Amino acid sequence: MRRPRATRRPRATTWAGWAFLAPLTVYLLLFFAYPLYRNLDLSLRDYNVRSFVQGGAEFAGLDNYRKVLEDPAFVPALTHTAVFTVVCLVVQFTIGLALAVFFSRSFRLSVTLRGLFLVPWLLPLIVSASTWAWMLNSDSGVVNSALSLVGVGPVNWLTSPDWSLASVIIANIWIGVPFNLVMLYSGLQNIPAQLYEAAAIDGAGGWRQFWSITLPLLRPVTAITLLLGLVYTVKVFDIIWIMTRGGPADSSATLATWSYRLGFGNTLPAFGPGAAVGNLLIVITLIAGLVYLRVERRRYAS
Amino acid sequence: MTVTRSWWRTLLGLALTAVMLFPVYWMINVSFTRDRDMRKSPPNWFPMDGTLDGYRAVLDQQLPYLGTSLLVGLGTVALTVAIAAPAGYSLAKLRPAGGGLLGFVLLIAQMIPAIIMAMGFYAIYLRLGVLNTVGGLIIADSTIAVPFGVLVYTAFMSAIPEELIQAAKIDGAGALRTFWSVVMPVSRNATITVSLFAFLWAWSDFVFASTLDGGGTLRPITLGIYHYIGNNNQEWNAIMATAVVASVPATVLLVIAQRYVAAGVTSGAVKD
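Those sequence lines, one after another, are chains U and A. Be aware that the first sequence starts at 1, since it is given in my numbering, and climbs by one per residue. Be aware that the second sequence starts at 303, since it is given in my numbering, and climbs by one per residue.
If we strip away everything but chain A, and leave its shape as in the complex, we get (with noise of 0.2 Å):
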């Protein structure tokens, strides 16, 4: 390939990712945007005499919507790793009789839609009196993120040598500390890959949050947005910059994810 062939496609792909990140970028321009000229056509295409009205209207408001967002993603992500790794672990090692059938449900758990979750939840969760509850919105989060986690951790640890944990078998370890000591380190990409998608799957939940727990005072952030859009259908930059908060920690996520799948990708590419 001669350079200039190269040349063209980089040029290509940033237009085509410009293009594609758009969105982005007016949710970043607006965020900046001055109340006064929110309206202005043609708009500014870029923050010129930007404000940081928006951002100050997160921090006077917004705060305890974000505590609670990260205390519910915490949340989910512990259940969801206590649930599916030693799942994982026996489904891909212990494969004991019966146990395909459950691979097989969780397939189907899969397809439910929040919504009908939503449904159901809210029925008992009234019965019980634990709407408007973080624990309860942690449980209901955490059907999203528990099915994908058994099957992430049960691909994965299915390549765990054998000898591994016959070795560990033979120093006298139980079943129970050959997961703990031996399979749950070794399996610590999983680990990070479960615990990301279920973190930014119960952050980003809206479904479950808008039903669940629309009426307490712990709030996260996605009804914190909803509820910006139906009341001041006005400031636009408060609603952009609570956004943009509200999209870091995939960022950074994405960022930190990016090392761990290039580690994986270069290590198998020594083994071959």
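Just chain U, same shape as in the assembly (with noise of 0.2 Å):
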């Protein structure tokens, strides 16, 4: 039976067509699923200094799970790693949204602000972590030097256990806003104008239009950015090593800095349990995005 000629294609495409995703392929295996293995490899195995150099460690099944699960210090970083993630979402969000509103009006100058909004976004992560760190140090920072002047503090931001981690969520809010503005505002400029023209002609105000006509409409776009915002902010270590390294007294530990310090953070690593715990994030992130996809397609098919 001969098919219609545009649906099938040349035997020839077909082999042009893996010869140019050749080096993607050969690329994916290396340098994506071999770490991966390798990861599952160490977080099965009982390894010590030694025997991660020269091979041979014991297979060990899911001791390191285990280990981790049972130890005192998985509960707190699963905690701070949830409320890290929902509060910064939650927040980046809110501004994002009022930023993406208040310039979706063109004003003087409305092109260029908004450009200098990405900046936070790229800059390297250790040079904000850093400049937060000392904006934030409690002697020397402009922020406690800020407070007094309305006669509160000085606040132990960075080296009090109750500050530490609202710290780190404070510096990734600044990081994050960019991304969400940029996401919201280009979705706002796909809403038609005539419809905010209807409703106002219907005597709808600003704030009635942008529940009825805004929100609906963004819902999309919204469900992308906070998807890709909470795969991003799952795995954030970068700012968090660098301002608190995870304390004091882990009171500012997620699993991916618990992770990396098992790892790498001591002079004797533990590379068994420190894979068993990225592992596990592994997991977390996959399910929460999978959970999420499928509240938002419910909600928008009812």
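Derived by calculation from the structure, the hints in this document are not laboratory data. Among the hints, erroneous ones may be present.
Unchecked claim - Ranges of calculated distance between the beta carbons of each label pair, as one might list FRET restraints: (1) Y327(A) with V150(U): 19 to 27 Å; (2) P463(A) with A60(U): 53 to 61 Å; (3) Y37(U) with V321(A): 42 to 50 Å; (4) V407(A) with Q54(U): 29 to 37 Å; (5) V321(A) with Y196(U): 27 to 35 Å.
Predicted, not measured: the structure shown is a model, and the values here were computed from it. Backbone N, C-alpha and C fix where the C-beta goes; we use that ideal spot for every residue, glycine too.
Got two chains here, each in a separate frame; can you build the complex from them with the hints?
Printed below as a string of structure tokens:
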């Protein structure tokens, strides 16, 4: 049976197609699949420094995972990861949306100012993190100086267990706002202006227009923005490690920083448990992403 | 809209931008502050009686780090484009059977935390003896950019008119020739976008640098700053001066990229 020509491609095209895909396929196997396999292997064996270099570590099954789950540091790290992610996402999104609405009406300098808002997003994370660390310094930081002008403080932002998580959240929100602004701004551009004009004729005020037109029509963009934000925020490492190293007393440790500390932060590395925490982080990211997609789809359908 | 109304918007916009960019201003201000003013309370809000000591320290100590970062950034760009451009062409125009699966794999690949990749790479590099090499760091850094690069090239090349490729074929060009002489030149803007982000991400990378390149002589600038923070807690003008210098590529690239973004927007407007 002959299929119509348009749907069937000549065999030569398929060959050429895979020839062009060959570098990527080899690349993915060598530099994604293999490191991930090695990571899984690390988490299933009982490594010490010697067997790490020379090989021959004993297969330990799920011992590392059991050790990690029973560790008193596990629940706090999980809680901090959840709090960090949710607070960052909600605040970033709210500020980003407010700014996107503000910038959606063009005014003098609006394009330039919107461009400048991208700067925090493009700076190397170590630059942002070290700047915030100095700004939040207890004795000489500009934040405490400003607070003392209104009679508050001084707050031990980075050195008190009560404030360290809040500090890294503030810094991460600052970095995440531009992304939300860009995504939501481009979403707003796609809402037809006639809808607002019609609503205005019907007597709807600005607030009413926002709730009845902007938010519902922005939903697809909202979904992808929050999903990408979630995937990115769950794995944030640089900011926290550079500002607090997860401390003091693990008060700002997340799964990502804990994994790094186990594997690289101590003089005696614990690669097995470190890899196990990392793999748990992947699983949690995937589950969170799937749950979010499912909820979003259900809400969309109803 | 009346003029007065747009004026308050501009003023509010300026105020918001000032708040948002205050940390950047503060970084620059501190980089010029003298050591003895560093712990003054209240701090100097403007770099009066400023010093260039911080930048002198950068010139004395950080130049090799900057050189390494430049090398790693350029290497990452080359590797990323070499892998992503042909793959994007294939996924957009040749669409071989089974190619769609690869697109899905790329989406998943973007979700993997760098920490986990770093641990796997560390185990592999240790055995191969390529820890603390520029090549090893380039490969690891490219894993951040390659999935993104393939997606950008695929999206961009899908929009290339089929007639253009057919015309090349009629002129007797093979698949490789068509790709090199027709598709790549037309996709210049995609190449710029991908290169830009690949460079920026490699330049900014800290996770791979600290795990895979922490002990060698060729260390990137992110580690330069990190060791500064660890070693001399007091010389914040030197730390912030290094941070300012490390931010220069981001700033330059933002300015260049905005021109391309603007060009893309206007060309779209003309078509409409």
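The hints, checked one at a time:
Between Y327(A) and V150(U), the C-beta spacing of about 21 Å keeps the proposed range 19 to 27 Å intact. Against the hinted window of 53 to 61 Å, the Cβ-Cβ separation of P463(A) and A60(U) comes to about 58 Å, which satisfies the hint. The beta-carbon spacing between Y37(U) and V321(A), approximately 47 Å, falls within the hinted interval of 42 to 50 Å. A hinted range of 29 to 37 Å holds for the C-beta pair V407(A) and Q54(U), which are about 33 Å apart.
One distance hint, 27 to 35 Å for the beta-carbon pair V321(A) and Y196(U), holds here, with the actual separation near 28 Å.
Checked against the numbered hints given earlier, this structure breaks none of them.
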